[in-house]
Structure formats: C-alpha cells, structure tokens
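From just these sequences and the hints, can you work out the full model?
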Amino acid sequence: MAIPELDSESGSGRFHEDRKDVRLMGEIWVVRHAQSLGNHAGLFIGRTDSPLSEKGIAQADAVGFEIARRAVRVTRIVSSGSRRAVQTASAIAEALGAGELLEQDDRVREMDYGDWEGRAFADVGDPIAVAKLFSNPVFAPPGGESVELLCERTRQAIEDYSQGTEPGAVSVVVTHLGPAKASAMWALNCDESCFPRIRIDNASITRIYSSSAGSYMISTNETQHLFQGNE
Numbered sequence: 354m355a356i357p358e359l360d361s362e363s364g365s366g367r368f369h370e371d372r373k374d375v376r377l378m379g380e381i382w383v384v385r386h387a388q389s390l391g392n393h394a395g396l397f398i399g400r401t402d403s404p405l406s407e408k409g410i411a412q413a414d415a416v417g418f419e420i421a422r423r424a425v426r427v428t429r430i431v432s433s434g435s436r437r438a439v440q441t442a443s444a445i446a447e448a449l450g451a452g453e454l455l456e457q458d459d460r461v462r463e464m465d466y467g468d469w470e471g472r473a474f475a476d477v478g479d480p481i482a483v484a485k486l487f488s489n490p491v492f493a494p495p496g497g498e499s500v501e502l503l504c505e506r507t508r509q510a511i512e513d514y515s516q517g518t519e520p521g522a523v524s525v526v527v528t529h530l531g532p533a534k535a536s537a538m539w540a541l542n543c544d545e546s547c548f549p550r551i552r553i554d555n556a557s558i559t560r561i562y563s564s565s566a567g568s569y570m571i572s573t574n575e576t577q578h579l580f581q582g583n584e
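According to the numbering used here, the sequence shown is numbered sequentially starting from 354.
Keep in mind the hints are simulated off the structure, nothing from the lab.
Predicted model only: the values in this text are computed from it and were never measured.
The reader is advised that the hints may include incorrect statements.
[Said to hold, decoys possible] Estimated spans, in silico, between C-beta atoms of each pair:
1. G517 <-> F580: 40 to 46 angstroms
2. R423 <-> L502: 29 to 35 angstroms
3. D468 <-> G434: 32 to 38 angstroms
4. F580 <-> A475: 25 to 31 angstroms
5. G521 <-> V477: 44 to 50 angstroms
6. K485 <-> Q509: 43 to 49 angstroms
7. D554 <-> R436: 15 to 21 angstroms
8. F492 <-> T428: 36 to 42 angstroms
9. N574 <-> G452: 25 to 31 angstroms
10. P520 <-> E407: 38 to 44 angstroms
11. T428 <-> K485: 36 to 42 angstroms
Note that CB positions come from ideal geometry on N, CA and C, so glycine has one too.
Structure representation (structure tokens):
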C-alpha cells in the first residue's frame, strides 16, 4: 500500500512506499445532511432545528444506500444534535444495520447565525454584511458565530475522529455546510480564505484520509448516488 507522505507546509500529498515511521489511520467520510425544509426555503438555519424535506428524506436514504453499497467497515457514525443531521445519520445507520454506532457531537453543529437565524438571505437587509460573513473569517452576525470559531471547533472534532479511526476503518461524520467545508479545509491544510470556494451539497460525501504524517483529500462533494434512481 502506498503511504502518503505529506508536505507539512503546503498540505499537498505525495506517495512513498517505504516510510516505516508513518502510523496509518482510517478514513473520515464527511456527509452533509440531506435537504431540510429550511434549505428548501433559502433560510439561515444554523441552530434552527429544521427537519428534512420530502426530498431530503429520499436523499438520506440514497446516501445511506451508497455507503452500504461500498461495503466499507464503518466503526462510527457521528452527527450533530440537529434533527436534520440526526435523521440523515439514522438513515445511514439503518442502511448499514448499525444503529449501535450512532453518537452525537455538537462540535460539528452548524454555524450559529445569531439574529439572522430563520431569516431568508434577502431579508437580512444588509448584503454587505452577508458577504462579509463568508469573506471575513472574524466577522460574525449579531449574536452569532464567525467562520474562524466554526473552523476551530470543527478541526478539533475531526482531529479527534482521525486519531480514533483505525487503519482500514471508516468514521462517518454527518454534519452541515459550514463544518463540512471546515473539514475539507483541515484535510487540505488551507486557511479560512478557502471557505467560500469549497462547494458541499446536501447529502454529499467528502472523503478524508489521515496518518501521523498528515491528512489529505480523497474526494470532495460526491453526489453521484443522488442521480442513480435512489432519490
């Protein structure tokens, strides 16, 4: 097996066959929750507990079917405590016949949008402030959370999952748009300036590999399972 030897400065990966000092770990599959009613309505729904839409229920079944179809050894299914994430994680666990693997971790909950919660993007009334939310990592909505803080708590969680996933195993993390982007940034070793340039769709799979030498991205925003008659 080729072991990735990572450049600690750039985060880029290259392969080296004979590194004996590298401790292999497993994969982390980051799944953004399926479409929620709030997503469908175009609302800020960070901490708002919006359930899945009818389309989202079908998407959750599709991503669960896809993970089961790949026949990987899943040893952990983590989600935030938000209903949309729990529903998606439960669909995955049901497809795997592994309800005992379900657990929750609020470090992978969505960004807190503060006073913007539950409002449509256009209803915030300050397009400059909305743009700053995704371009200025220290900016936060009134009473809310910044991208910088979101990324910090997400990285702590992903690092913990990485350390706790044995070689050949997969930890599935069912989370939200913001934490899924932050997870990809962790894998790529890029800063918060990458945040607005990473696309993560509902019910997508982003695969991350890690070792003691570092981490890298296997794939990002996989959605082919949503277009195979499962939705």
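C-beta pair D468, G434: status relative to the range 32 to 38 angstroms that was hinted: violated, 22 angstroms
For D554 and R436, compare the CB-CB distance with the range 15 to 21 angstroms and indicate the outcome. This hint holds: roughly 19 angstroms between Cβ atoms.
Mind checking the hinted window 40 to 46 angstroms against the Cβ distance between G517 and F580? violated, 33 angstroms
Pairwise beta carbon distance, G521 to V477, judged against the given window 44 to 50 angstroms: holds, 46 angstroms
Cβ distance range 29 to 35 angstroms for R423 and L502, holds or violated: holds, 34 angstroms
So does T428 sit 36 to 42 angstroms from K485, Cβ to Cβ? holds, 40 angstroms
Is the hinted range of 36 to 42 angstroms satisfied by the C-beta distance from F492 to T428? holds, 38 angstroms
CB-CB spacing for A475 and F580 relative to the 25 to 31 angstroms hint: For A475 against F580, whose Cβ atoms are near 30 angstroms apart, the range 25 to 31 angstroms holds.
Cβ separation of N574 and G452, checked against the hinted range 25 to 31 angstroms: Holds - the Cβ-Cβ distance for N574 and G452, about 27 angstroms, lies within 25 to 31 angstroms.
Consistency of beta-carbon spacing, E407 to P520, with hint 38 to 44 angstroms: Holds: the Cβ-Cβ distance is about 40 angstroms, inside 38 to 44 angstroms.
Within 43 to 49 angstroms: is that where the Cβ-Cβ distance between K485 and Q509 falls? violated, 25 angstroms
Of the numbered hints given earlier, the model fails hints 1, 3, 6; all others are met.
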